[in-house]
Every structure is written in C-alpha cells, then in structure tokens.
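Each protein sequence line maps, in turn, to chains A and B. Quick note on numbering: numbering that gives the first Met the number 0 labels position 115 of the first sequence as 114, and the sequence is numbered without any gaps. Quick note on numbering: numbering that gives the first Met the number 0 labels position 41 of the second sequence as 40, and the sequence is numbered without any gaps.
Hints in this document: simulated from the structure, not taken from any laboratory. If you're wondering where the values come from, they're calculated on a predicted model, not measured in any experiment. Using N, Cα and C, we set each Cβ at its ideal position, and we do this for glycine too. The reader is advised that the hints may include incorrect statements.
Unchecked claim - What the simulated footprint calls covered on chain A by chain B, stretch by stretch (three residues with Cβ under 8 Å from a Cβ of chain B suffice, anywhere in the stretch; the number is not a length):
#1 121 to 130
#2 254 to 268
#3 281 to 295
As the list claims (entries may be wrong) - Here are the simulated distance ranges between beta carbons:
#4 A:181 to B:295: 46 to 54 Å
#5 A:193 to B:142: 43 to 51 Å
#6 B:27 to A:119: 32 to 40 Å
#7 A:119 to B:141: 42 to 50 Å
#8 A:192 to B:175: 52 to 60 Å
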Amino acid sequence: MTDTTATPREAAAVRPLWHVVLVRPETMTFVLLILGIFIGSQISPYFLDVAYILKSFTLYAEFGMVALVLTMVIIAGEIDLSPAANMALSAAIFAFAQANGVPMPLAILIGLGAGVLMGVFNAFMVIALQIPSIIVTIGTLTAYRGLAQVLAGDQSIRVPEWYIGIDKVMVLGIPLPVVIFIILSIVLGLVLGLTVFGRQIYLIGTNEVSARYAGVRAKRIKAALFILMGFMSAVAGLMTASRLGSVRYDLGLGGELQMVLMAMLGGTYIFGGRGTILGTFLAAWLLVIVSTGMIVANWLPATQLCVLGVLLIVSIIATNFIYSRTQR
Amino acid sequence: MSAVLNFLIRRREAGIFVMIVLFCLFVGVQKPQFLTLDSLRIVLLLTPLIMIGAMGQMMVIVARHVDLSIGSILGLSAMVSGMMFRYMPDMPWFLCFPLSIGTGMLLGFVNGLLITTFRLPAIIVTLGTLNLYRGLTFIISNAKQIDRQYVPSILKSMSQPSPTLAVPLIIFLSFAIAVATYWFLMHTRIGRQIFALGSNPVAAPLRGINVTQVTLLVFTLSGALSGLAGIMYASRWGFVNPSNTGAGFEFQVIAAVVIGGVSINGGVGTVLGTVLGVLLLGCVGAALPLLGIPGTTQNAIYGSVILVALLIDRLVRAQGNRGVTQRAGASS
Chain A
0 MTDTTATPRE AAAVRPLWHV VLVRPETMTF VLLILGIFIG SQISPYFLDV
50 AYILKSFTLY AEFGMVALVL TMVIIAGEID LSPAANMALS AAIFAFAQAN
100 GVPMPLAILI GLGAGVLMGV FNAFMVIALQ IPSIIVTIGT LTAYRGLAQV
150 LAGDQSIRVP EWYIGIDKVM VLGIPLPVVI FIILSIVLGL VLGLTVFGRQ
200 IYLIGTNEVS ARYAGVRAKR IKAALFILMG FMSAVAGLMT ASRLGSVRYD
250 LGLGGELQMV LMAMLGGTYI FGGRGTILGT FLAAWLLVIV STGMIVANWL
300 PATQLCVLGV LLIVSIIATN FIYSRTQR
Chain B
0 MSAVLNFLIR RREAGIFVMI VLFCLFVGVQ KPQFLTLDSL RIVLLLTPLI
50 MIGAMGQMMV IVARHVDLSI GSILGLSAMV SGMMFRYMPD MPWFLCFPLS
100 IGTGMLLGFV NGLLITTFRL PAIIVTLGTL NLYRGLTFII SNAKQIDRQY
150 VPSILKSMSQ PSPTLAVPLI IFLSFAIAVA TYWFLMHTRI GRQIFALGSN
200 PVAAPLRGIN VTQVTLLVFT LSGALSGLAG IMYASRWGFV NPSNTGAGFE
250 FQVIAAVVIG GVSINGGVGT VLGTVLGVLL LGCVGAALPL LGIPGTTQNA
300 IYGSVILVAL LIDRLVRAQG NRGVTQRAGA SS
C-alpha cells in the first residue's frame, strides 16, 4: 500500500509490436475482405473482375462517404441516425427547386445548403440543448424523411438529362463516385490520424470531461462534426439523385443501417474514442463484396436484410471483444 | 400567468390534456363535425395499436434504453399468426394470442439477451434486429400477404363496434393493458426497480437490483406487447403484409411516449402521461383527413412531435435544475 506507483496495470507485460499492429479490428475487416473476395470468386468469376467490383461499388459509394464522417462522429462519442433521411430531403429540395425553374447551379447550392442546415439543427439539439444524440436523430430521421415525403409526395421528380449518370463518368477507368470516395477517405484519414483536430476527436470520445479540462473545445468540434455530417449527406443525396435520374422521398431508405454497419464493421468502438477511417474504408469494400455476393448467389432481398442485421450485431460484439482484450 | 405555465410544465399530464383540448377546439372551430361522438370513435380506433406498443416502449425508455425493433416484432408475430390462419385453418383461432405474444416475447428476449450479455447499446442492437426480424418476416411468409379471407371474422369483429358495448373490444383491451402497466410499474417491486435502474444505472446494482434481470424483463415485455399489437393489427386491418405491417410503428410509438412526458434520460414517466400522449396522436391522426391535409404529411408530423416533445423535456429539466439551485441558494 505504501508503494502506489506499481499498480497491476503498469505491472502488466508490454505487448509485443506484432500484437499491437495485428490484433486490431481493422485486421479482422481486412481478413474478412480477402475471405469475401475468395468465396465470391468461387461463386462467380465476376468477383475477380475489377471493373465489375468498381461498378458495384458505385451503388454504395454515397453511403460509404457518409459512413466515413459517421465514423468520426461515433469516435467523438455521439451518433447520427438521420443522414439517410437527410440525403432524401436535400435531394428532394434540390429536385423540387430545379423542377420549379431555379437554375441548376443555384438548385445544387440550395440542396447542399439544406443539408448543412439539417446538420446545424442536429448540432443545435445535441450540443446547445444537451439532448442525447440517439433520440434527437431518431426524431430528425422521422422528420426529415417526412418532410421529403411532403415535398415530393408519391411522385418521383426528374432531374435534367445532363445531370444524370455520375456513376457512368470514368476517371482513369474508375467510376467518379468511387474516386470521390477514395479521395475523401485519404483526406479524412489524414485529418483524423495526423492533425491536432483529429486527435482531439479521439480525446473527446475517450473522456469528454478531461478533454474540456485539457483545453479542447469539445462542443465546437462536435458541432463541426454534425454540420460536416449534414453537408456530406447532402452531397451523397445529390450524387444518388444523379445516379438514379430522379428523386423520390424513399431515396436511401434504410441507409442508416448500411452506414452504421460500415462504421461498426470497420472496428469503430460504439462507445467512442476508438476507430479509424481505414477500418471504415475497408468495411465499405467488404460490404460491397458481401452484398454483391448475395445478389450474385441469387439470395432473396429479405435474406440479405437478415444477413446485414446479423452482421451489424456480430461486428460490434467482435469489435468490443478485440478492444476488451487488447486495449485495457 | 407564469405560475399557470409553470404548473402545466411541472404536471406534464395536465399540460398534455390542455394541449389535447386546445387542439380539438382549434380543429372543431374549423370543422364542427370533429367535436362529435363519431369522431371520438375514430380517434379511439386509431389508438389501440400505438397504446399497446407505447406501454412497452415506455418501460424500455424509463429503464434508459430504446427499442427500435418493435415495428418488426409486430410484423413478424402478426405474420406467425397469419400463417397459422392460412395453413392451419382447423386450429382454434384464439391460439393466435399465445402464438403471437410468445413470438414477440422470444424476439424481445433475444434483444435483451444481446444487450445484457455483450453489454451493447440497445440502439445498435435493435437497429440490427429491426432489419433481421423484418427479413425473417419475408422469409417465413415467402413474401406473400395474408389476405382478408384467411383472418377469422371473429378476430376482425373485435375491431367493430360490438352490439352490447357499442365500442370495439380492442379499445377496452388496450386500456386494460394500460391499467395493468400502471399497476405493474407502481405497485410491484420489480416495477419500481425499473424506475430505479433508469434514474441511476450505477446506483441500482449497489441497491441490490439485478440489472440483467430487469433489463431482460423490459425488453421481453416490450416484445410481448408488440406481439399483442400484431394481433390487433390483423384484427383492425384484416390482413398481414410482410413489408407494410408494423413499418414505421416504432416512430409513432416513440413520438407518443416522449410527448407523454417520459424522459429520455430515464427514470421519469407515467402511464397516464403516455396514454394522453397516445390520445393526442390519435386526435392529430383523426383531424388530418378532416382538415384536408394529405396522408403524406403524417411522418413529418410524427417527427416534429418527437422534436417538440424533446424540447419540452429539455425545458422541464432546466426548470427542475433552477428549482434545485434556488433552494440551495436559499438555504445557504
């Protein structure tokens, strides 16, 4: 009792370097990804065709972009379930504006602005009013989707011919949405991993009170993340509108599952403070492989839904298990 | 004036009651036919499903969790009974009650088990099972709807005005559930433990409350009540559809519960408040067609109701804190 420095925690053996590098959730994601490609290639030769995989990825690139930002929000200890509804509403506002004669560039700006405003509203409720983000974003999820339904009704709003087909635009043989996703991953990965801002996000998620005492402007950073989330959802919404060629209120319906799943599969810790952009990046590809595999194997959409639901639960159990064993 | 406002905010039930009255008067001024017994019947017919679901969700939220999967539990347990009606018409029809409630209990128990065993947040688990259970509904039903002719007419008649009582049976049933919930929460040991757990999850185990048991119980009950709501759905609408039945149910129920004054921070909530919250939603639902507002606005309204309720909840907390600090200041 006299020697207080030698606590059991400090007395524990130092983990070898290979242990630190290899035993982490991202490794699990990577192994599963390789496994997925291998199994996929046994089902269908298409899986070894890079062009086919890239083409499939365009269907998930929008969700993937949002999932990258969602990863940062979850690391900061919050959650946002509203981005899919935000996508629908900002796309509906954009489509509604341009259908009523607003010039296209302005309509795009209005759509993006609407997304930012929705993010600001989430941030206001969560940060200024201190209401838990879980319940706030359940509310805004319903409200945003409902407003999109009010605006678009049961009809689909067409967008101009030249605006359609962002997924058909190729950059160096890679579809544009995939390029955007990859660039965004690199940028956000660097921001989260190397900048002071990024490290502060981890600190907030680990212990917000101590982060405040350490001089981190926790509220401001969290608000910025929610607003970034709103902006990214709007970008994703407008990209989806371009891919589909028209906007209905059910655009991206149920997308929150995919987004949360990407973040969780990538080893983001649901209670905050841990996780990487690399993990979510890998998980997005894993999800594409799994989904495409199920489509190629001719599974019913319902079965696919079940698999995604189970995958979500299994992935958080596995992630929690790995963290509980390695990073006490 | 501010004293009145303060009272209405403190006594949340009184506040919601005033809101219901004001809303009815507002609609009644524009459409006098809204203030008739006939529309009261419409209001009451809209509420049983939400009422039953809200009782379960209320317990879950009081225990500081949230259950997003109730809509899918409703769908799956309704489908199980529907399958019995369709493929085993010889079975006595009332077997649907144990069947659906049992299915709901099982599904809710699975939620609770995942949450307690692996210490996972309820929101993510139920987001997963929301999709899992919906998928299972499609799989067991082979994506086919159970049509009207399969649902026993005696079950459907429960939603029709009965000759002796003039009010459909399911309305009585839903109020009976509310009374039972009141008794359970206020007069049993484990009911009080739910409140204790929600008010302070850290202190609850120190007071000898078995947190695992209580958490499992609230999710199982929430599932069982959703299962019962599944039968009510079959009774009310006369069909069970794999994709529509129960879809979006969770949002209506959460809206009713939070407007009813159940605090999202756990430990606070009354059955009376929740019942009034359900009735308010019922009034809104009945008024929309009368006012000529299209049905597409419903989701937007539920969403705004949730957000407004959260703001009120926040206001109440601010008031409560001020009261405490004032008292502290007075004593020093």
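Tested hints:
no. : hint                       : in the structure
1   : 121 to 130                 : holds (count 4)
2   : 254 to 268                 : holds (count 4)
3   : 281 to 295                 : violated (count 0)
4   : A:181 to B:295: 46 to 54 Å : violated, 38 Å
5   : A:193 to B:142: 43 to 51 Å : holds, 49 Å
6   : B:27 to A:119: 32 to 40 Å  : holds, 38 Å
7   : A:119 to B:141: 42 to 50 Å : holds, 46 Å
8   : A:192 to B:175: 52 to 60 Å : holds, 58 Å
When the structure is compared with the earlier hints, violations turn up for hints 3 and 4 and for no others.
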